[in-house]
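Kindly generate the complete structure, drawing on both the sequences and the hints.
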Amino acid sequence: MKVSEIAFLLHSTPMGESEHEIHNVAALETAGPADLAFVEGARSLEHAKVSRAGCLLVPEGMTIAGKTTVAVPNPKLALIRIFEALHPSASPPAEFHPRAVVAPDAKLSADCSIGPNAVIESGVSVGAGTRISPGVYLGEGVRVGVNCFLHPNVTVYSGAQIGDRVILHAGVVIGSDGFGYVFAEGRHVKFPQLGKIVIEDDVEIGCNTTLDRGSLGTTVIGKGTKIDNLVQIAHNVKIGRHCIIVSQTGISGGAEIGDYVVMAGQVGVGERAHIEDKVIVGGQAGVLPGKIVRSGSVVWGTPCRPMSDHKKTTARLARLDALAEKVKALSQRIEQRE
Amino acid sequence: MKVSEIAFLLHSTPMGESEHEIHNVAALETAGPADLAFVEGARSLEHAKVSRAGCLLVPEGMTIAGKTTVAVPNPKLALIRIFEALHPSASPPAEFHPRAVVAPDAKLSADCSIGPNAVIESGVSVGAGTRISPGVYLGEGVRVGVNCFLHPNVTVYSGAQIGDRVILHAGVVIGSDGFGYVFAEGRHVKFPQLGKIVIEDDVEIGCNTTLDRGSLGTTVIGKGTKIDNLVQIAHNVKIGRHCIIVSQTGISGGAEIGDYVVMAGQVGVGERAHIEDKVIVGGQAGVLPGKIVRSGSVVWGTPCRPMSDHKKTTARLARLDALAEKVKALSQRIEQRE
Amino acid sequence: MKVSEIAFLLHSTPMGESEHEIHNVAALETAGPADLAFVEGARSLEHAKVSRAGCLLVPEGMTIAGKTTVAVPNPKLALIRIFEALHPSASPPAEFHPRAVVAPDAKLSADCSIGPNAVIESGVSVGAGTRISPGVYLGEGVRVGVNCFLHPNVTVYSGAQIGDRVILHAGVVIGSDGFGYVFAEGRHVKFPQLGKIVIEDDVEIGCNTTLDRGSLGTTVIGKGTKIDNLVQIAHNVKIGRHCIIVSQTGISGGAEIGDYVVMAGQVGVGERAHIEDKVIVGGQAGVLPGKIVRSGSVVWGTPCRPMSDHKKTTARLARLDALAEKVKALSQRIEQRE
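Protein chains in written order, with this note's numbering: chain Y, 6 to 343; chain U, 6 to 343; chain D, 6 to 343.
Since the hints were made in silico from the structure, they are not lab data.
You can trust all of the hints, since none of them are fake.
For identical chains, the list gives no copy identity; a pair is met inside one copy or between any two copies.
The calculated lysine-lysine pairs, modelled on DSS-like cross-linking and capped at a C-alpha distance of 30 Å, are:
#1 81 / 283
#2 316 / 283
#3 72 / 7
#4 296 / 316
#5 72 / 54
#6 7 / 195
#7 112 / 201
#8 201 / 54
#9 228 / 81
Since the model is a prediction, treat every value here as computed from it, not as a measurement.
See below:
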């Protein structure tokens, strides 16, 4: 694709060698003459000046002496667009591997792909363009929509409902039993885990993340939400749309998360906590059971508090020793005067 | 099952339509006329008043106007009993899938079920009524007792001993090498991981949880202990009976946990710490290496302290800024007077 | 092996019954007359006095009355050496299981072992002496070096490069997509994850640990680094040589870790943080995004600070209540005097 074609697709005008050919995208630091890269922020500008990239996507208003550039409102997003144009995602060949184990009554779209050693139980349906990788297990009655990609060794327990364009990375478990017991006569009696789990459209879930079904209710992951690796989602959790949940976060039973919530890594959310829309939770924070975090707030710490308060406390903490010394000195001074 | 039969099974007497037919259990909010639900606590009572459930299990002494109820000492436990009566757990059909890979000398009970793509190595024994799901791996000499359920893609390393009625959820790893090295000549030399691991009866272990074998000794999970998803149990750990260990908790090498201990989510326990019987550890708490937590105590924070102390400190912390201001003001006042 | 032979191999001289036969190694507490055990530290000495071990490896200068001993500079390391002499690690039999699914153009050393249900895609190469366990998936173009051991149900995404003598425990995922999106028009647009991942020689990675490929760059795990279970390594992370990373630690995108770094359990490292050589990070600590932790420092807490400072603050915190009371008393005293 020529630089001029890239600019045309992005509704922009190129600066520099508009006839230059681009074959791929790359990072600024490693790009070569046939690569497109993007520039974002001051630090990135330094790298851009010495980059060997054949063309740079830059923020509007920026030019870089001696470089071929295309200015756009959002260079990183523009890179994605060009990447997709360079590599149109081919539907996987509709392969049905003879070593897959498929129940006779499973409804597999003629257009989906089932890898070797996948095991598909009775009553499953799989939509067109969906790719089921080797070693994936789909329990009874599971429904998987169209254009999904289930990576190797994913396990989906019976009855789980998975929407369209969902990506499940290797080792993900969907719909396992919630962790619920009643203590009686000196032992923990398992509470029936009969509920459902629904993964809505356009969700992506990272490797080895685990999501429990509802106990009696339903666990829901809303449309467009992205979940990182090694996250735990307990029974009856409701997560809204377009959330970002970073690695190793754990969300306890019955918690409700709104839309456009962002949780950094290793956050813990207690039972039945309620995190409203557009909240941002800082890394390693703890949201206590039943706590309501109001819409739009930014919180950190355990128990979580508004970010600015927590930062102030953290700064004070680092000077706590000095404060204690000061109190001691004051005390002595008063005693001397008495 | 009629309401009168439910009441009879629970040694109680029904209030309302005792001839009404119940087919299943459900949550208060979603139950219909053919469902049984349970009421527990004040919040739940509000839902109960508007529930469409055909029958409600309520605490003794409670009645709800216009509803059919059965009063019992523990409604949630009673629901489990009725669920079990409605759905007697059928032994899985004794299926031996032709696509399982089983060593000739493995001793499989005639009454167990082995799924496709399970791999069973030499010297393994599997008891009656046990269900080995697709993609499970049982290494050499593994022993699995009766009526266990190993979900898909579980890996059991060689020599592990698993008791009766044990449930291992998808992706669990049992008996992997402990994380032990000796640093010598600028590199980490692997210490032999030769020990054993014993999972006692009635243990349930959540998805993708990992449990290492002993290095030279033995890792033990005591009878009736329940472990949630994504938990890490290191080498030589001893966990007692009937403990509850919530998701993403990690227990370091050689730690000892008593009976009836409860650990909330994301707790970290240091090497050779000793947590005595009936201790409760709050979420995200850290128990330092070698620390002894005395029987029956309730602890929180890192390093963990008695819950009430930690809560007091946490409350003080939120006012630390005010305290610092106060000290500053006092100091100025004294200076002015001097 | 006789005690005298053990001593000879360790360049030492035996004390006691030098003709005694040793067949295995064991822990002090469980060793029998045919076992070799090691003594390290004061606590261990008490166990040594009552151990039934046939021979004890002790630190230089130590003797134990009535016991057969061999004194060496590093008893634990010496135990590893003798274990290796007693159990020379046999190359696995070069088995190529008929139930493995291997692309015709994969290059498998004649001397490697491929288990049942392993799936090996086009363009893969596997070196001599390497063992691929059941249920392992190797994506297109993966390269695995010599004498590696991939345990069951490991998933390696396409293009990953794995060096020699690498051990991957059950459920490990190598080379998955990084967690990268651009927010545009109300939704998260997936950023292409095209980068590479390189696992250098002599790395060992624990069960269910996940390592993402670079987005445009490369994720690197340096030679000799050891990673425990359930650790998360994000895209573009560079980890140096001979590091120790304990369970449930998470390292965010673009972070750089030097050589000989030690991270305890449940540590969180923010994006693009830089941890220099030989740093030690305490358990549950949090390294903020972009933070530089200088070479050789020992840090703890969130945000992490020098260990001694953090410990002082922690001790002060436990007395914060007393400090607040003291300030209150001072304040009253001054008011009374005025």
